[in-house]
Amino acid sequence: MRKGCLMALAAAFVLSASFAGQAVANQFVTIVTGSTGGTYYPVGTIIANGLNKELMSQGIKASAQSSGGTVENLKMMKNGEAEMAIAMSNLTGFAYKGIGTYEGAAIPNLRYVMGLWPDVTQIVVRKEAGIEGWADLKGKRFAVGPPASGTEFTSKLVLNVVAGLTFDDISPEYIGYSEAAQALQNGRLDAFNAETGYPVSAVSELYAGRTPVGMLEFSDDDLDTLQLEAPYYARVVIPANVYPKQEKPLNLVGVKSALIVTEAVDAQVVYDTLRIIYKDKESMKQAHAAFSKIDYDNPMAGLYGAPLHPGAVKFFREQGFEIPGSLLPPEMN
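Mature numbering (1 follows the signal peptide of the UniProt record, and there is no 0) puts the sequence shown at residues -25 to -1, 1 to 308.
Fair warning: there could be bad hints in the mix.
To be verified - With a straight-line Cα cutoff of 27 Å, these simulated BS3-like cross-link-like pairs (lysine-lysine) come out:
id, residue 1, residue 2
1, K223, K115
2, K36, K223
3, K131, K115
4, K260, K36
5, K220, K268
6, K220, K28
7, K102, K113
8, K102, K260
9, K260, K115
10, K50, K131
11, K131, K113
12, K28, K223
13, K256, K28
14, K268, K254
15, K102, K72
Calculated from the structure, these hints are not laboratory results.
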């Protein structure tokens, strides 16, 4: 019994020592995000700026980098090409566990920092294309997202489960939001999936333009069917007037996105990242609306399949949050 107590005390001492003093100097934190026309990139830039403002004097330099989205971000973290990322929680959990699309290719070094906003499945359609329901997507030119992206994964899933279609039933285009919005405006595309937090700048510009556009909505039956296949989906309602000329609420679905790091990132850096986000959350909300969609009172809600980083565990415990056992990292068990 005494030996167990001594071991526990030693572990506690090591953990507390790892947080002693300031963040370890001379660290570069690359934050991989998503398309420049989406939500991940501007949010990652704001977080990087916050870290640089407070931690650069301690030798910490952060930089946001655009990417193809979640799938590419996870691959870069596996290969040691990035320290931090914004990613969809479902794919993060798949990757950590080595299941689904990551069967036989697990990425066990992934750790959560916190949950962010719901990544909303926003299927934007050109009204002149005559797309009034899911079945009308058949034969249409549809931008499903960049190759091997989280958007492509979701497009394939939603088309199959909700519409009963495959990519063979459409003319898929593998491009990002900004390029897709431009192509739709020019009549070279009929629809695209903007799978990210709202509002999306590329979608806002499209709604404000001359080309009449709309979104495909998800009925309650659509959501029920989707949840049978993918229970991590939830209802998301975009209020009226979020986008120009959008007069009614949009009934959509979404998956929680998250800020993640690799296991190797220093615990103090993760702790300070959360401290800065919570301290500066009001100014960050002013900088981008996505920060207003974060549930700061329930920062672990919707996190799926992977554990927190020890630096996040320490921060949340200090703030009085209870940490579910499923989110405790193996290095703290």
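Here is how each hint holds up against the structure:
no.	hint	verdict
1	K223 x K115	holds, 25 Å
2	K36 x K223	violated, 43 Å
3	K131 x K115	holds, 14 Å
4	K260 x K36	holds, 23 Å
5	K220 x K268	holds, 21 Å
6	K220 x K28	violated, 38 Å
7	K102 x K113	holds, 15 Å
8	K102 x K260	violated, 32 Å
9	K260 x K115	violated, 37 Å
10	K50 x K131	holds, 20 Å
11	K131 x K113	holds, 13 Å
12	K28 x K223	violated, 40 Å
13	K256 x K28	holds, 15 Å
14	K268 x K254	holds, 16 Å
15	K102 x K72	violated, 41 Å
Of the numbered hints listed earlier, those contradicted by the structure are 2, 6, 8, 9, 12, 15.
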